[in-house]
Amino acid sequence: MNDPIAITGIGLVTPAGTGTGATWRGLLAGRSTARRHPGLAGLPVDFCCAVPDLDANKRLTPKLALRLDRFTQMAIIAAREAAHDADLGPASYDPTRIAVVIGTGCTSLERYESYYGHLLNGHYRKISPLCIPRSIPNISAGEVAIDLHAQGPCLTTCTACASGATAIGTAKTLLDTGQCDVALAGGTESVCNRMSSAAFCQLGALSTRIQNPETASRPFDADRDGFVLAEGAGILVLERAADATARRHAPYAYLTGYGASCDAHHITALSAHGVTNAIRSALRDAGLQPGDVDHVNAHGTSTQFNDQTEASVFQKLFPHNPPVTSFKGTIGHSIGGAGAIEAAGAALTLKHHTIPPTANHHRPGPGIAIDLVTGVPRTADSLKTVVSTSFGFGGQNAVLVLTSA
Amino acid sequence: MSDINDLLKEALTDSLGVPSESITPEATFEDLELDSLALAELAVICEERTGHPVGDDNINIGSSLGEVSAFLDTITTPHKDSA
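Protein sequence lines, in the order shown, are assigned to chains D and P. Residue numbering for the first sequence follows the UniProt record's numbering, beginning at 1 and increasing consecutively. Residue numbering for the second sequence follows the UniProt record's numbering, beginning at 1 and increasing consecutively.
For reference, chain D alone in the conformation it holds in the complex (with noise of 0.2 Å):
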């Protein structure tokens, strides 16, 4: 067990708004932010749950916004707020022990679509020498360090799904081990393109509930039918809780555990032993018991064998049923971003004593005997222990454990 981790800075841009402000009201509220969505017009699945209110020309500059897509734009602007948020102002910590450390799922096809067309048509100098900067996964990271002037340990960690929770975990390992004094960790990702939504309606992985989109997303419910795509990013501020009691900065919580796992067995299909090897895993680094766990954000996708699995282990691993809630169906899945962001409304939790609801559950399905937060927010004042679990593609989970300051 290692010296606790403060959080101490939290960055969001959801489609529940941009900023954590409007983040957390959007949660409380517990309304579906699905949409249809013009640029998907045509395809088999139409909608989503985009950022209504990026405006990245005005947050950024116009030259800043357009070498960018969406995922680094989002990243800049929630990692700006992040650091706003901690006081991590030029002079507080040594900009090479700053490490940024951000989780991205998949390259982002945003515009592949035309650069394809260019190809397929031979017109290769039609293609943009930005196609390959501004499209890999780790340029989010690289953005915001130049944004920030971060010169510590920089990377982007890819475990599809679970990308925002390994990056959060990966960047305290290098606090743990004393490579950085501050970490930018965190997730971001928009699949709100034609591209990702074709492919993952393929694989079967959406919701097609095209006619009620607002009811699409319902995690745990009888009549959940996959998830809904969409965007956002979250980035936290990290440092040793020490560094943050000397520079009287109070934490919103602390990150105290990360555990990982791969399930080993399928591509797509979750097992119950992987997550319960990733969740005993992160409550042993955290020095915990099952038993002390108060409450459990999940990944919770709103897909039949998703939320299947996670509430049987939630069910054996955690007998004295602590509440479970799932913000997908509030704001969608934002694949890489969305580990990271539920990672911050579990700190934003433990600072308010208020769990989120979880949209559009209705009924159980069968099997499922978890204490799931539906309707409206649920006060609890003696919540200590939170656990945000994190699956991805590639059996690859992901873990944390954050206790109340």
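What the hints contain is simulated information worked out from the structure, not anything from laboratory work. A virtual CB, placed ideally from N, CA and C, is assigned to each residue, including glycine. Just so you know, not all the hints are guaranteed correct.
[What the hints assert, rightly or not] Okay, the calculated beta carbon distance ranges per label pair:
| # | chain 1 | residue 1 | chain 2 | residue 2 | range |
| --- | --- | --- | --- | --- | --- |
| 1 | D | 199 | P | 25 | 41 to 51 Å |
| 2 | D | 305 | P | 20 | 49 to 59 Å |
| 3 | P | 36 | D | 29 | 45 to 55 Å |
| 4 | P | 74 | D | 225 | 51 to 61 Å |
| 5 | P | 30 | D | 376 | 53 to 63 Å |
| 6 | P | 20 | D | 173 | 20 to 30 Å |
| 7 | D | 61 | P | 61 | 46 to 56 Å |
| 8 | P | 30 | D | 262 | 48 to 58 Å |
| 9 | D | 42 | P | 52 | 26 to 36 Å |
| 10 | P | 67 | D | 268 | 52 to 62 Å |
| 11 | D | 35 | P | 53 | 56 to 66 Å |
| 12 | D | 39 | P | 14 | 49 to 59 Å |
| 13 | P | 21 | D | 375 | 52 to 62 Å |
| 14 | P | 30 | D | 136 | 25 to 35 Å |
[As the list claims (entries may be wrong)] Some chain D residues well away from chain P (every beta-carbon gap over 10 Å; in silico):
| # | residue |
| --- | --- |
| 15 | 28 |
| 16 | 112 |
| 17 | 128 |
| 18 | 272 |
[Stated by the list, open to error] Taking lysine-lysine and the BS3-like style, the derived pairs with C-alpha atoms no more than 30 Å apart in a straight line are:
| # | chain 1 | residue 1 | chain 2 | residue 2 |
| --- | --- | --- | --- | --- |
| 19 | D | 384 | D | 351 |
| 20 | P | 9 | D | 58 |
| 21 | P | 9 | D | 351 |
| 22 | D | 316 | D | 384 |
| 23 | D | 58 | D | 126 |
| 24 | P | 9 | D | 63 |
| 25 | D | 126 | D | 63 |
| 26 | D | 316 | D | 351 |
Dock chain P against chain D, hints included.
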């Protein structure tokens, strides 16, 4: 401003995010803080819109907007409203 080729002006503002007030014939790309990648992007845009090859000889970091405008004028159909 009137000496700047319309295609160049549009590409700089709409695709590269250069503030229109900094677009003057005397300004170089270096003055506008455009790097080599941005210039490569600009060359592709100019080439796509004109159908004429655009290379380093035509657009480079030290070029002034006036020089590039003169080059683009030779490969584009002049607009009626140019002064």
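Against the structure, the hints come out as follows:
Between residue 199 of chain D and residue 25 of chain P the Cβ separation comes to about 47 Å, which falls inside the hinted range of 41 to 51 Å. Here the CB-CB span from residue 305 of chain D to residue 20 of chain P is close to 53 Å, well matched to the stated 49 to 59 Å. Between residue 36 of chain P and residue 29 of chain D the C-beta distance comes to about 47 Å, which sits within the given range of 45 to 55 Å. Taken as a hint, the range 51 to 61 Å holds for the pair residue 74 of chain P and residue 225 of chain D, whose Cβ atoms sit roughly 60 Å apart.
Between residue 30 of chain P and residue 376 of chain D the beta carbon distance is about 58 Å. The supplied range of 53 to 63 Å therefore holds. For the pair residue 20 of chain P and residue 173 of chain D, the supplied restraint of 20 to 30 Å is violated, since their beta-carbon distance comes to about 48 Å. At about 20 Å, the beta-carbon gap between residue 61 of chain D and residue 61 of chain P misses the expected band of 46 to 56 Å. Separated by about 50 Å at the C-beta atoms, residue 30 of chain P and residue 262 of chain D satisfy the suggested range of 48 to 58 Å.
A beta carbon spacing of about 35 Å between residue 42 of chain D and residue 52 of chain P agrees with the range 26 to 36 Å that was offered as a hint. Taken as a hint, the range 52 to 62 Å holds for the pair residue 67 of chain P and residue 268 of chain D, whose Cβ atoms sit roughly 56 Å apart. For the pair residue 35 of chain D and residue 53 of chain P, the beta carbons lie near 44 Å from each other, so the given range of 56 to 66 Å is not met. At roughly 19 Å, the beta carbons of residue 39 of chain D and residue 14 of chain P sit outside the given window of 49 to 59 Å.
In this structure the hint that residue 21 of chain P and residue 375 of chain D lie 52 to 62 Å apart at CB holds, the actual value being about 53 Å. Against the hinted window of 25 to 35 Å, the Cβ-Cβ separation of residue 30 of chain P and residue 136 of chain D comes to about 27 Å, which satisfies the hint. The Cβ of residue 28 of chain D sits about 36 Å from the closest Cβ of chain P, beyond the 10 Å cut-off, so the non-interface label holds. Listed as outside the interface, residue 112 of chain D is consistent with that label: its C-beta sits roughly 16 Å from the nearest C-beta of chain P, beyond the 10 Å cut-off.
Distance to chain P contradicts residue 128 of chain D as a non-interface residue, since its nearest Cβ pair spans about 6 Å, not more than 10 Å. The beta carbon of residue 272 of chain D is kept farther than 10 Å from every beta carbon of chain P, the shortest such distance being approximately 47 Å. Restraint check for residue 384 of chain D and residue 351 of chain D: satisfied, since their Cα atoms lie roughly 10 Å apart, inside the 30 Å limit. Under the criterion of a C-alpha separation no larger than 30 Å, the hint pairing residue 9 of chain P with residue 58 of chain D is consistent with the structure, at around 20 Å.
The hinted pair formed by residue 9 of chain P and residue 351 of chain D fails the criterion: a straight-line CA distance of about 50 Å is larger than 30 Å. At most 30 Å may separate the alpha-carbon atoms for a hinted pair to count; residue 316 of chain D and residue 384 of chain D meet this at roughly 21 Å. This hinted pair checks out: residue 58 of chain D and residue 126 of chain D have alpha carbons roughly 28 Å apart, not beyond 30 Å. About 14 Å separates the Cα atoms of residue 9 of chain P and residue 63 of chain D, which keeps this hinted pair within 30 Å; it holds.
For the proposed pair residue 126 of chain D and residue 63 of chain D, the alpha carbon gap of about 21 Å is at most 30 Å, so the pair holds. The hinted pair formed by residue 316 of chain D and residue 351 of chain D meets the criterion: a straight-line CA distance of about 28 Å does not exceed 30 Å.
Violation of the numbered hints given earlier is confined to hints 6, 7, 11, 12, 17, 21; the remaining hints are satisfied by the structure.
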